[in-house]
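Chains as they are written, first to last, in this note's numbering: chain A, 1 to 327; chain B, 1 to 327.
For the record, the hints were derived by calculation from the structure and aren't laboratory data. One or more hints might be untrue.
No distinction is drawn between identical chains; accordingly, a pair holds when it is met within one copy or between any pair of copies.
To be verified - When the alpha-carbon atoms are kept at most 30 angstroms apart in a straight line, the in silico BS3-like pairs for lysine-lysine are as follows:
1) K92 - K17
2) K203 - K256
3) K246 - K286
4) K256 - K246
5) K50 - K327
6) K17 - K327
7) K286 - K256
8) K286 - K203
9) K320 - K50
10) K203 - K50
11) K34 - K246
12) K212 - K327
13) K286 - K296
14) K34 - K320
15) K256 - K296
16) K203 - K320
17) K203 - K34
18) K212 - K296
19) K286 - K327
Treat the numbers as computed from the prediction; the structure is a model and nothing was measured.
There are 2 protein chains.
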Amino acid sequence: MIIDSHAHVVLTDECYKVMATLTGGRNNPPTGGKLPSDAIIRRAAESLLKQMDEVGTDVQLISPRPYLQMHSLAPATVPLMWARYVNNLIHKQCEMFPDRLKGVAGLPQFRDTSPSNSIAELERCVNELGFVGCILDPDPTEGDGAPPPGLGDPFWYPLYERLCALDVPALVHSAGCCHPRESYTLKFVNEASIACVSLATSKVFDDFPTLKLIISHGGGAVPYQIGRFRAGAARRGRSFDEQLRKLYFDTCLYSKEGLELLFEVVGADNCLFGTERPGTGSAHNKEWGHDFDVLKPVIESIDWLTAEDRHKIFQGNSRKLFTRAFK
Amino acid sequence: MIIDSHAHVVLTDECYKVMATLTGGRNNPPTGGKLPSDAIIRRAAESLLKQMDEVGTDVQLISPRPYLQMHSLAPATVPLMWARYVNNLIHKQCEMFPDRLKGVAGLPQFRDTSPSNSIAELERCVNELGFVGCILDPDPTEGDGAPPPGLGDPFWYPLYERLCALDVPALVHSAGCCHPRESYTLKFVNEASIACVSLATSKVFDDFPTLKLIISHGGGAVPYQIGRFRAGAARRGRSFDEQLRKLYFDTCLYSKEGLELLFEVVGADNCLFGTERPGTGSAHNKEWGHDFDVLKPVIESIDWLTAEDRHKIFQGNSRKLFTRAFK
Chain A
1 MIIDSHAHVV LTDECYKVMA TLTGGRNNPP TGGKLPSDAI IRRAAESLLK
51 QMDEVGTDVQ LISPRPYLQM HSLAPATVPL MWARYVNNLI HKQCEMFPDR
101 LKGVAGLPQF RDTSPSNSIA ELERCVNELG FVGCILDPDP TEGDGAPPPG
151 LGDPFWYPLY ERLCALDVPA LVHSAGCCHP RESYTLKFVN EASIACVSLA
201 TSKVFDDFPT LKLIISHGGG AVPYQIGRFR AGAARRGRSF DEQLRKLYFD
251 TCLYSKEGLE LLFEVVGADN CLFGTERPGT GSAHNKEWGH DFDVLKPVIE
301 SIDWLTAEDR HKIFQGNSRK LFTRAFK
Chain B
1 MIIDSHAHVV LTDECYKVMA TLTGGRNNPP TGGKLPSDAI IRRAAESLLK
51 QMDEVGTDVQ LISPRPYLQM HSLAPATVPL MWARYVNNLI HKQCEMFPDR
101 LKGVAGLPQF RDTSPSNSIA ELERCVNELG FVGCILDPDP TEGDGAPPPG
151 LGDPFWYPLY ERLCALDVPA LVHSAGCCHP RESYTLKFVN EASIACVSLA
201 TSKVFDDFPT LKLIISHGGG AVPYQIGRFR AGAARRGRSF DEQLRKLYFD
251 TCLYSKEGLE LLFEVVGADN CLFGTERPGT GSAHNKEWGH DFDVLKPVIE
301 SIDWLTAEDR HKIFQGNSRK LFTRAFK
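Turn these sequences into a full structure, and let the hints guide you.
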């Protein structure tokens with residue numbers, strides 16, 4: 001079985017209209033808007049399933065499109081209404097295809113507000129809608145203002161406590177970016193690095209030994225730049241690698257060189273297959289003869305991975321982490 | 001010959017006192033402060049030479065310690081006075097050991113002020129003090145406020161014009177960071193990524209075909225995350241790699257995995273040996289039996305590099321770029 005741990009829901013034109021009304025239109029007080037009809041939702045989900053079938057993916061864990069989460073958009077009811085709306089849409093799609101799609105909740109994070117603000121929606125999604133995880137944005141200011149503390153800080157503990165109690169993992173993934181010089185795609189990478197270092201130099205896993213965090217996009221820069229952080233830790237008599245291996249990483253890297261480095265540095269035990277397809281990598285790679293985000297054959301072509309390694313990457317680690325999805 | 005393209009001047013206690021007076025003390029109007037005596041400066045330079053000898057480095061290109069540049073500290077005369085002071089110190093050390101040390105100037109950048117503000121100091125350093133390059137901070141706000149546009153923007157053109165006219169390269173390297181969640185060392189990496197992508201998706205090299213820019217720390221995350229950017233460029237019918245190879249990269253990565261990936265992705269023609277020693281990587285690596293930033297043996301152990309590749313990395317590319325240093 002191939003489990004894609006990093007995938008996003010397909011929105012339809014109707015959804016964008018709701019989003020536009022919530023934002024540009026600023027209906028005040030903001031209300032959630034109506035979901036598209038079941039027929040339209042089914043068609044959107046089927047288009048996703050078709051793409052999964054084409055590349056041999058059995059299950060996708062689908063979350064909101066990160067860059068459309070509007071975490072910095074005031075008032076706080078905007079991201080709240082939108083998170084609920086998109087989570088309801090994800091729920092509908094998962095209900096229609098329960099063996100192929102599993103829900104990963106978006107949280108109504110807002111700027112530098114405590115993540116306690118997101119617990120009610122997390123519980124609704126997990127307990128009432130059957131979601132199996134959530135995404136966690138380390139910078140809900142989206143670059144517009146001073147960000148909250150790093151993920152290693154007790155600021156985030158109320159959320160970590162709930163994640164442990166519910167036994168669901170969080171995929172660490174930023175949202176939009178308000179700086180013209182830092183596209184949201186670059187922000188994803190930079191925030192993954194910041195999150196990774198903050199967590200790996202913190203006491204979070206002493207305080208929450210059962211916390212399950214997946215750093216998206218292969219850990220940003222950290223596996224590549226690891227020497228820098230190893231040196232810093234060595235100077236304090238610690239092991240950066242040991243700390244790093246308390247985290248998990250997805251394979252959303254679209255080069256074989258990058259994937260090999262990830263597997264070498266963090267090891268197969270800590271990597272989850274993830275493609276984000278359809279998304280940034282959905283463009284034809286001439287050299288490969290298929291899209292950049294068709295990663296199954298690329299990983300299969302890495303000949304030094306053992307069969308056991310591949311099993312862990314393609315499904316074993318996702319099964320281990322997403323206990324509510326795979327019983 | 002081994003040329004270390006990324007190295008920094010050794011400051012002494014006297015220098016820190018001047019810095020403290022400029023900052024905490026805020027003498028107003030700020031004045032530059034006195035350089036240490038020649039004997040003290042010589043001793044500092046000799047300590048650097050000793051370290052170079054120990055690891056087989058023939059020449060270091062020395063610039064100010066990036067994180068101590070104070071580019072965000074108002075008034076603008078603070079970074080100006082400090083840049084002049086440190087450049088004068090570098091000049092002294094280079095004069096004492098002209099075959100071993102070459103000067104790379106710090107610029108008195110200030111927040112989002114145009115880099116035109118730095119041209120007089122750049123010209124002083126190159127024309128009067130014999131400097132061979134400069135370092136360029138892509139975010140002189142140091143994270144405290146909205147940063148200036150990315151390096152691909154015409155905002156930076158006045159400086160690029162002078163760099164070309166003077167025929168000196170710039171090492172792209174950020175300074176401090178005011179966000180508690182993003183250490184300056186993480187900021188170095190993230191800013192290298194932002195710079196790299198901004199430049200590789202710009203028209204800068206159409207407008208300045210002779211501009212020579214070196215992205216520090218092996219390009220931040222970009223070589224590792226290259227699939228992401230290749231996909232984006234492919235979608236627009238362009239080649240990201242082609243653009244990337246208009247840039248140069250130093251080898252300030254402290255793992256063999258990272259170095260191999262850098263050489264694979266950007267190629268030996270575009271990589272300059274650089275260690276930043278003594279610096280972040282000066283901690284003992286048990287596995288290697290020497291410090292993380294002793295990179296010569298690590299690069300020599302990469303067996304698929306040809307003798308020609310190694311020659312380019314260790315000296316050829318630095319000679320090609322730093323024409324004023326190696327005639």
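> Which hints from the list above does the structure break, by number from lowest to highest?
Replying inline: Result: hints 6, 10, 11, 14, 17, 19 break, sorted rising.
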